[in-house]
Structures are given as structure tokens and as C-alpha cells.
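**Student:** Everything in the sequence shown is counted per our numbering, starting at 1 for the first residue and increasing by one.
Careful: at least some of the hints might be erroneous.
To be verified - Label pairs and their in silico Cβ distance ranges:
id: 1; residue 1: F239; residue 2: V183; range: 18 to 28 Å
id: 2; residue 1: A120; residue 2: H182; range: 36 to 46 Å
id: 3; residue 1: P112; residue 2: A248; range: 53 to 63 Å
id: 4; residue 1: S10; residue 2: C63; range: 17 to 27 Å
As the list claims (entries may be wrong) - DSS-like mimics (lysine-lysine), calculated; alpha carbons at most 27 Å apart, straight line:
id: 5; residue 1: K140; residue 2: K203
id: 6; residue 1: K140; residue 2: K65
id: 7; residue 1: K9; residue 2: K140
id: 8; residue 1: K9; residue 2: K203
id: 9; residue 1: K207; residue 2: K9
id: 10; residue 1: K81; residue 2: K207
id: 11; residue 1: K81; residue 2: K65
In short, the hints are calculated from the structure, not lab data. Virtual Cβ for every residue (Gly too), placed ideally from N, Cα, C.
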Amino acid sequence: MNPFRQLLKSAGAHPPVGTWIMSASPLVAEATGHAGFDWAVIDMEHSPLDTMDVLHMLQALSCTKMVPIVRVAWNDPVLVKRVLDAGATTVMFPFVQTAEEAARAVAATRYPPQGIRGMAGMSRASRFGTQANYLTTANKQMGVIVQLETAHAIERIDAIADVDGVDGLFIGPADLSASMGHVGQLTHPAVMDRMAQAVLRCKALGKPVGTIGGDPESVAQYRAAGFDYVAVGSDLGLFMQGARSAIAALRTPSGEHVHSVSSGTQGY
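With the hints as constraints, model all of the structure from the sequences given.
**Tutor:** Now the structure itself:
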């Protein structure tokens with residue numbers, strides 16, 4: 001079974017917790033995988049990753065239990081073909097607005113006759129040609145998550161969720177809030193209400209839906225609203241929070257006690 005679908009199936013009452021990987025560093029990605037997250041998005045949309053970088057990230061995460069999801073920069077079958085050949089098994093598509101766009105996303109992840117993915121016998125995905133029957137079994141292994149990032153997309157949520165091959169939906173609160181006229185106000189009451197309504201529709205449709213928050217407090221609100229999988233921040237965001245906290249703790253007025261900030265045993 002596709003690893004992401006399996007993760008959702010085995011989650012039970014506790015939504016799987018993930019994060020975004022934006023550092024473009026395989027080493028940081030690997031460390032993030034060992035930190036305890038259930039899943040993570042390798043982000044090609046808002047970070048400087050190319051296909052070889054994604055391959056290195058997937059290699060780094062292969063020794064961890066964290067399930068990788070690759071977010072492509074756009075709903076482009078050429079981009080999708082390359083990340084699938086690099087070994088991605090679940091792809092997230094940004095800014096899906098209609099059922100037709102969702103269907104194109106699914107088609108890009110499937111070999112003919114179900115889709116339009118170009119065939120290649122010698123790829124990392126097929127273990128360089130050593131995985132028997134890869135070309136005839138790969139379609140069942142693929143996972144597709146479509147992002148709904150505007151109020152118009154959420155209005156079409158029933159039709160988008162009904163597309164065969166869409167395994168999950170993901171609501172992007174930043175772009176959604178902007179489309180509703182509340183730029184930068186991700187937890188504005190109107191935005192939270194729209195997201196809660198979307199969750200109810202997904203529950204009725206039987207389709208998993210996820211989202212992301214910048215801190216544990218906002219993620220707790222999303223979990224309470226019924227989201228099936230949630231992400232908190234990003235590797236860079238978590239690093240910056242820790243770095244700024246350490247600096248703030250050390251830059252105290254002269255003579256005040258400085259509380260130690262520990263990140264575990266470290267060697268320099």
C-alpha cells in the first residue's frame with residue numbers, strides 16, 4: 001500500500017503530525033526524520049530544490065520512519081514524472097481549483113492507460129530495473145494530495161474530492177486567508193470557520209483532509225476542528241524559533257541570571 005495511505009489508515013484517533021522541509025538540506029531532512037514526525041513535505045514550491053535535490057532528500061529520509069511527501073512546484077506532468085522517477089510515491093499538488101485540475105494531477109502520477117506518466121525502465125523508482133513488474137504495479141502505489149488554497153476551491157470541494165485517485169485534500173490557511181481578504185491572519189474567525197466547514201464536508205465525503213499551523217497552539221485548534229493529519233511549521237521555522245529563543249535568553253541585562261538553553265548533548 002502507498003505509505004501515506006497506510007499512515008492515515010493506522011493513525012486511529014491521533015492525527016499524524018508532520019512538518020515542512022524547506023532547508024533544501026538532506027542532512028537537516030534526515031535529522032527531522034529522526035525527530036519523531038510521522039510525515040513531512042519536501043517542498044519544491046517555495047524552496048530552491050531541483051530534481052536531484054529531491055532525490056538526495058528521499059535517500060536521506062529512507063533510513064527514517066517519516067513518510068515523505070513531495071510537493072511539486074506546479075501541476076505539471078513533466079515535473080511529476082521526474083520526481084516519481086526519483087522515487088517519490090506521494091505527490092502534493094499546489095493550488096488545485098477544479099475537479100478537472102485534480103484529474104490532471106492524478107493522471108500525471110499514473111502510467112497508461114489510467115494516466116499519462118511516461119515510462120522508464122531504469123529509474124530509482126524501479127530500483128534501477130530490478131523491481132519485478134514495476135511498470136504494471138506502480139499505479140497502485142502512487143498517492144495524490146491536492147491543495148485547496150482559495151475560497152473558490154473550497155466551494156468546489158465536493159467535486160474535487162470525488163475525483164478518482166485523490167487520496168487526500170490539504171487546505172493551505174495562508175493562501176486561503178489571503179483569498180478571503182485577511183492577508184496574514186491565518187486564524188481569523190472567518191478563515192477558521194471556512195476551514196471547519198471544509199472539514200465537515202470532507203467527513204461527509206469520506207476524504208481525509210489536512211492542514212498546517214505555525215505553532216502547536218494553532219495546530220491544536222486544527223486538531224480540535226477534526227483535521228485528519230496536521231503539520232507544524234517547517235525545519236527552518238523550528239530552527240529559527242530555537243535560535244531566537246537561545247539568543248533572547250542570553251541577551252539579558254547585565255547581572256541577571258541567564259537560564260540555560262539546552263538542545264541535548266552536543267560536541268563542538
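**Student:** Each hint needs a verdict: does it hold in this structure or not?
**Tutor:** Hints, verified against the model:
no. : hint                      : in the structure
1   : F239 <-> V183: 18 to 28 Å : holds (25 Å)
2   : A120 <-> H182: 36 to 46 Å : holds (45 Å)
3   : P112 <-> A248: 53 to 63 Å : holds (57 Å)
4   : S10 <-> C63: 17 to 27 Å   : holds (21 Å)
5   : K140 <-> K203             : holds (24 Å)
6   : K140 <-> K65              : holds (21 Å)
7   : K9 <-> K140               : holds (16 Å)
8   : K9 <-> K203               : holds (15 Å)
9   : K207 <-> K9               : holds (12 Å)
10  : K81 <-> K207              : holds (25 Å)
11  : K81 <-> K65               : holds (25 Å)
Going down the numbered hints, you'll see the structure goes against none, and every one checks out.
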